[in-house]
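Note that the protein sequences, when read in sequence, are chains A and B. Read in order, the letters of the first sequence correspond to residues 1 to 253 in the working numbering. Read in order, the letters of the second sequence correspond to residues 1001 to 1406 in the working numbering.
I should point out that these hints are in silico values taken from the structure, not numbers from a laboratory. In this text, all values refer to a predicted model and were calculated from it rather than measured experimentally. You may find that some hints are simply not true.
[As the list claims (entries may be wrong)] Far from chain B by the CB rule (all over 10 Å, computed), these chain A residues: (1) 1; (2) 5; (3) 44; (4) 84; (5) 140; (6) 165; (7) 178; (8) 210; (9) 223; (10) 230; (11) 239.
[Said to hold, decoys possible] No farther apart than 16 Å at their CA atoms in a straight line, the calculated lysine to aspartate or glutamate pairs in the EDC-like style are these: (12) A/121 x B/1320; (13) A/250 x A/226; (14) A/221 x A/192; (15) A/41 x B/1175; (16) B/1262 x A/231; (17) A/213 x A/203; (18) B/1384 x B/1320; (19) B/1262 x B/1175; (20) A/250 x A/203; (21) A/213 x A/247; (22) B/1404 x A/38; (23) A/185 x A/204; (24) A/185 x A/195; (25) B/1262 x A/36; (26) A/95 x A/36; (27) A/42 x B/1320; (28) A/42 x A/70; (29) A/95 x A/38.
Where a beta carbon is used, it is the ideal one built from N, C-alpha and C, also for glycine.
Listed below are the residues making up each chain.
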Amino acid sequence: MYGIFMESWVIFKQYGGNGFMLVLFAAALIYLLIAEKDYRKKMVIGIAPLIVLLGFFVPFTRIAYVAILDDGADTYYRILWLLPMGVCIAYAGCKLFASHRRIGTVVVSALIILCGSIVYKNQYMQRAENLYHIPQVAIDVCDVISPKEGEPRVRAVFPEELVHFVRQYDTNIMMPYGRDIIAWKYYNAVHEAYENVETINAEELLAATRETKCRYIVMPKGRSIDVDLEEMGLTLIAEVDAYNIYEDPKMVN
Amino acid sequence: MIVLSVLALILWLFIIPMCMGLLLQGLLPYTKKTIGITFLCGFILSFAVFEVVSIPCMILLKYGAFKMCVRVFGACEILLSALGVFLTAKRVRKKVRDGYVPRFSEDFRGGRIHTFMKLTFPGEEKADPSALISPRTDVRVMKVQYSLESYVFWGIFFLIVLFQLFMAVFMAPFDGDDAYYVVESLLAQQAGVMNTILPYTGSSTSLDLRHAMAVFTMWEAFIAKVSGVHATIVCHSIMPLVLLPLVYLIYLEIGRILLAGKQAMVPIFMIFMSLFIMFGNTSIYTAETFLMMRTWQGKAMVSNFIIPLILWLFLWMFDDCRKPGYLWKEETAGGTRVIRNCSWVILFMVNMCAGIMSSMGIMFACGFTALLTFLLLIYTIDFKVIVKAALSIIPSVIYLLVYKSM
């Protein structure tokens, strides 16, 4: 039981990140539990969050959650979504500084800013290159190989850094493996021959791509390969940014 | 073409939800008949109807499921919004014919549109001196005539939100799950299928009910289809422009109840909320990070739309507990049962919405409803709330039964 409690504690700390916002929330919650005289409000934004918080740390909650949900062990942190952290902090701030509104606005705003972390500095946040919010190079590559209206769908091999985006742009481009292989690392012959080797064996790669009927191979320029794909009979149809796009004539319908 | 797409987006994301909200407005008590709540109710109704239409289409039709879903749901939306407009027009006309004058302002000189707005959204009425001295009005929940300082605070809040909307369009968060969820929407738009093609590779697959029952991706595909805008653009660039303000509308209503009697504090509350949402990225797990980086995913909607909605509805229920009888009657059009219970009716629909967002959403919605109902029961010692809560989670129970039976 203690082990499960400690797991929940670790999840709680990970949820809070630097922890300052959790401290601010805890302070707001304690303040509301003491200072709020209206029981109706206290019940909803004081006692209910307290019960959720206690429930989160009770080992039985975690046991039940993991038993009910397939991915329960990985998503247990989502119970913390039931804590109205923003509402508690904002309301406590308003209540505390009701008669000093200007000072209160500055102080509480500063506390939120200093304790938090701005979302736009997140490492996964980048300047948008287009309205699709996917890298422009993925769009440019897809534009070269996308089938025209009425043409059959095509299958293409992409390097891992592009697999997330290809089908967000055009679902008429199929792939022998997708983003799932990065997450779950299952066996795929094309992926083995293309990504899991230092120097690509062109013969093995072509055997795998032809097996899965891949018409195109998108290859980063400078990728180490024992024999040039053009020498193996493929046609270099375009060079887009840092990628070469090869077409396999044997796979053209 | 672009102009037509923009007009279509305005129609399906703003006008139609607003008109559908008018349909539910008849259920709302006097002080809740505001533009914001009407718009919120419209979206809730729209999501609820989408669940009823899309899941049978997806399960029962092998071919052309999405096409059928678009046709039926589109027809339902148009029908319900037309009905909403018709009933509101009828209500307003009756008020005008009866010589009705909005209670707290007898000024009809604002012109026809002004009068129409007053009659359609009486909850927008500002409390004036006559209201403040009247024993028959609940000025705590009425909007106030804001001071200049409050307008400045409102201005700061709107600037923060505008900044967030600007950043939502010009910044691109990366999230691996988009390769699944956004592609599901795009597949529906481009291939006309509902969850029967594997998003990652394009191979055919059987219906994966765990993900498929959460049809929020299909709702986004519907918006993409009817507007002719690429589903990925709809998800990444359009959805935040609609869903972020929608989330703020919920917090506004929460603030209005919490700060009842101190309405001048509401803009300050909203400034804190907007800053908290922007600076809540303390880890990749927080609800705020989900809202700002995955706005278009059902999970983000569970944490930032469904849960705050339930919180608001229970604050509303608690708030109604101790209203004096005369006030209660005034607000609820003579104490009509359906109006008195309208927060439960909306909770019923919110439970329907939870299902379309995520299969986990129904569990959270039910659990949170149960917890707050328990507290409401302790506070009111009225056992009827158990029955009402049980009725309100019926959609989630049906959802679970369908999920388990497949």
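Far enough from chain B: is every CB of that chain over 10 Å from the CB of residue 5 of chain A?
-> 19 Å, holds
Are all C-beta atoms of chain B more than 10 Å from that of residue 84 of chain A?
-> Label violated. Min Cβ-Cβ 6 Å, cutoff 10 Å.
Taking C-beta pairs only, is residue 223 of chain A more than 10 Å away from all of chain B?
-> 22 Å, holds
Straight-line alpha-carbon gap residue 185 of chain A to residue 204 of chain A, limit 16 Å = Violated: residue 185 of chain A and residue 204 of chain A sit about 20 Å apart, past 16 Å.
Residue 185 of chain A and residue 195 of chain A: Cα distance at most 16 Å?
-> Within the cut-off at roughly 12 Å; holds.
Under the criterion that the straight-line Cα-Cα distance not exceed 16 Å, is the pair residue 121 of chain A, residue 1320 of chain B satisfied?
-> 42 Å, violated
Please confirm whether residue 165 of chain A is truly not at the interface, meaning its C-beta sits more than 10 Å away from all C-beta atoms of chain B.
-> The assertion about residue 165 of chain A is violated, with a minimum of 8 Å to chain B.
Would you check the hint for residue 1404 of chain B and residue 38 of chain A, treating anything up to 16 Å between C-alpha atoms as holding?
-> 43 Å, violated
Given hint residue 1175 of chain B paired with residue 1262 of chain B - CA-CA distance at most 16 Å | It is violated: about 41 Å lies between the C-alpha atoms, which goes past 16 Å.
Can we trust that residue 140 of chain A is non-interface, i.e. its beta-carbon lies farther than 10 Å from all of chain B?
-> 15 Å, holds
Do the alpha carbons of residue 42 of chain A and residue 70 of chain A lie within 16 Å of each other, as the hint requires?
-> 35 Å, violated
Given the proposed pairing of residue 95 of chain A with residue 36 of chain A, does the C-alpha separation stay at or below 16 Å?
-> 9 Å, holds
In this structure, the earlier hints numbered 3, 4, 6, 7, 12, 13, 14, 15, 16, 19, 22, 23 and 28 are contradicted, and the remaining ones agree with it.
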